[in-house]
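Participant: Spelled out from the first residue to the last, the chains are:
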Amino acid sequence: MELDEMKQAWRELGERVERSGALARQVQVELKLDKTRSALRRWLWLPATEFAFGLVMLWIAGFFLAKNFAVVGSAPGGAIPSVLLLLLAMATIGVSIRQFALVGGIDFTLPVVAIQRRLSAARALRIRMSQCDLLFGLPLWPVFLVFALQCAGGYANYRALDPAWLVWNALFGLALAVALVFVARRYGGRLSRSPVLGKLAEEIAGRGLVTAMGHLDELARFERE
Amino acid sequence: MRGKPDQQRFEALLGEHLGIVFKVAGVYARGREDRDDLAQEICAQCWRSFAGFDERRAKFSTWMYRVALNVAISHARRRKRDIAGQCEVLETRHLETIGADTPEQDDERLIALRAFIAELDDLNRALILLYLEERPYAEIADVLGLSETNVATKIGRIKQKLRNRMLGTEPGIMGA
Numbered sequence: 001m002e003l004d005e006m007k008q009a010w011r012e013l014g015e016r017v018e019r020s021g022a023l024a025r026q027v028q029v030e031l032k033l034d035k036t037r038s039a040l041r042r043w044l045w046l047p048a049t050e051f052a053f054g055l056v057m058l059w060i061a062g063f064f065l066a067k068n069f070a071v072v073g074s075a076p077g078g079a080i081p082s083v084l085l086l087l088l089a090m091a092t093i094g095v096s097i098r099q100f101a102l103v104g105g106i107d108f109t110l111p112v113v114a115i116q117r118r119l120s121a122a123r124a125l126r127i128r129m130s131q132c133d134l135l136f137g138l139p140l141w142p143v144f145l146v147f148a149l150q151c152a153g154g155y156a157n158y159r160a161l162d163p164a165w166l167v168w169n170a171l172f173g174l175a176l177a178v179a180l181v182f183v184a185r186r187y188g189g190r191l192s193r194s195p196v197l198g199k200l201a202e203e204i205a206g207r208g209l210v211t212a213m214g215h216l217d218e219l220a221r222f223e224r225e
Numbered sequence: 001m002r003g004k005p006d007q008q009r010f011e012a013l014l015g016e017h018l019g020i021v022f023k024v025a026g027v028y029a030r031g032r033e034d035r036d037d038l039a040q041e042i043c044a045q046c047w048r049s050f051a052g053f054d055e056r057r058a059k060f061s062t063w064m065y066r067v068a069l070n071v072a073i074s075h076a077r078r079r080k081r082d083i084a085g086q087c088e089v090l091e092t093r094h095l096e097t098i099g100a101d102t103p104e105q106d107d108e109r110l111i112a113l114r115a116f117i118a119e120l121d122d123l124n125r126a127l128i129l130l131y132l133e134e135r136p137y138a139e140i141a142d143v144l145g146l147s148e149t150n151v152a153t154k155i156g157r158i159k160q161k162l163r164n165r166m167l168g169t170e171p172g173i174m175g176a
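First to last, the protein sequences are chains S and H. The first sequence begins at 1 in the numbering used here and counts up one residue at a time. The second sequence begins at 1 in the numbering used here and counts up one residue at a time.
I should point out that these hints are in silico values taken from the structure, not numbers from a laboratory. All figures in this text were calculated on a predicted structure; none of them were measured in a lab. Glycine is no exception: its CB is placed at the ideal position from the N, C-alpha and C atoms. Careful, some of the hints might be misleading.
Stretch-level coverage of chain S by chain H, calculated; a stretch enters the list once three of its residues show a Cβ under 8 Å from a Cβ in chain H [as the list claims (entries may be wrong)]: (1) 51–60; (2) 108–117; (3) 218–224.
Using 30 Å as the maximum straight-line C-alpha spacing, the simulated DSBU-like pairs for lysine-lysine come out as follows [what the hints assert, rightly or not]: (4) Lys159/H - Lys7/S; (5) Lys7/S - Lys161/H; (6) Lys199/S - Lys80/H; (7) Lys59/H - Lys7/S; (8) Lys59/H - Lys159/H; (9) Lys159/H - Lys80/H; (10) Lys80/H - Lys7/S; (11) Lys161/H - Lys80/H.
Based on the sequences and whatever the hints tell you, model everything.
Facilitator: Structure representation (structure tokens):
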């Protein structure tokens with residue numbers, strides 16, 4: 001059958017749809033227009049939370065550094081945790097703003113290729129963000145602990161913990177992150193029965209990123225060829 | 001905040017073009033329940049975007065195709081992610097929902113049409129849907145964001161692949 005002949009078959013299907021008035025009524029009855037706006041907000045709550053978290057981190061680390069500015073010169077090692085936190089906060093804010101830019105202003109009335117590219121790019125960014133949270137968060141947890149101790153007991157408290165203990169814990173965090181990636185890649189399929197664990201494993205393993213990047217490639221090919 | 005006249009105008013336009021919603025939903029949904037969910041999602045997104053609709057810039061149908069296809073492709077991709085790993089190949093179930101609420105039996109052409117669309121990827125499915133709807137190439141290009149030449153080339157290529165498949169020299173047309 002030729003593609004043009006298929007148009008006839010398609011027309012017949014179209015006529016069936018037209019005759020199927022029950023469906024139309026069902027949709028119109030169920031369409032509660034005033035309640036639809038909230039759905040879009042679901043897209044934005046995660047970057048919004050990250051943005052707020054980044055701001056709080058920025059404020060705490062910035063405030064701490066400003067408060068102890070006079071002693072930083074004499075003991076610069078003590079500023080490492082707050083500077084790291086400051087950098088993380090800035091990165092978090094930057095990425096969440098990028099996510100807002102990609103998804104927040106999304107206009108579904110724009111051409112399909114453009115919108116799908118933005119959605120795939122936003123998804124790729126979201127997955128990278130989740131991976132970075134995990135892969136940096138685990139090895140850096142001793143740094144956060146030191147910062148918490150400094151906030152509670154003063155700038156000099158960074159000496160309260162044995163440096164060797166901190167290094168071992170950072171290495172343990174790193175090993176745990178690597179192990180999680182391994183488990184997600186090796187056993188991710190088994191976890192897919194649970195929607196939450198399956199999605200988490202997919203993101204840690206990087207499969208979600210591969211899919212999102214695959215969609216971007218597919219769009220580029222579709223546009224080019 | 002939009003008022004009652006806006007909503008009434010939207011509902012009237014939606015009523016006139018509801019066929020688009022169901023055809024797009026039928027092409028991308030898996031099963032009746034999924035189709036109805038997708039149809040709802042498309043209608044809801046159309047309403048959300050309706051404030052930006054300018055009839056001097058585009059016909060309502062063109063505008064609606066854009067919204068519907070964007071929502072449907074996003075829905076299809078999201079669902080693929082959700083079922084990833086469940087090892088269920090559902091591609092051939094596509095289109096079973098279009099016209100499935102009427103008692104008519106499918107003839108060979110409809111079966112072939114269903115099989116044909118089921119083989120296409122999300123983007124080519126949008127292209128062929130608009131082609132089958134007999135939209136001009138300029139409108140297809142406008143909805144998808146491609147050049148007219150690109151649209152013509154793609155359709156020509158799909159036709160050729162389909163012809164080759166009928167002759168038994170082409171296994172499938174997935175990527176087209």
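Participant: Now tell me if each hint is right for this structure.
Facilitator: Going down the list of hints, with the structure as the test:
Check on the stretch 51–60 of chain S: 0 of its residues sit with their Cβ under 8 Å from a Cβ of chain H, so the three-residue criterion for coverage is violated. With 9 residues carrying a beta carbon less than 8 Å from a beta carbon of chain H, the stretch 108–117 of chain S meets the three-residue requirement, and the given coverage holds. Against chain H, the stretch 218–224 of chain S contributes 5 residues with a C-beta closer than 8 Å to a partner C-beta. That satisfies the three-residue criterion, and the hint holds. At most 30 Å may separate the alpha-carbon atoms for a hinted pair to count; Lys159/H and Lys7/S meet this at roughly 12 Å.
Taking the CA atoms of Lys7/S and Lys161/H, the gap is about 17 Å. The hint holds against a cut of 30 Å. Annotation: proposed proximity of Lys199/S to Lys80/H holds, straight-line Cα distance about 12 Å (limit 30 Å). Taken as a hint, the Lys59/H and Lys7/S pair is honoured in the structure, with Cα atoms around 22 Å apart against an allowance of 30 Å. Among the hinted pairs, Lys59/H with Lys159/H is consistent with the structure: their alpha-carbon atoms are about 28 Å apart, no more than 30 Å.
With a C-alpha separation of about 27 Å, the suggested pairing of Lys159/H with Lys80/H holds against the 30 Å cut-off. In summary, the hint linking Lys80/H to Lys7/S is supported, as the alpha carbons are separated by about 28 Å, within the 30 Å threshold. Pair hint Lys161/H plus Lys80/H holds up; C-alpha atoms about 26 Å apart against a cutoff of 30 Å.
Of the numbered hints given earlier, the model fails hint 1 alone.
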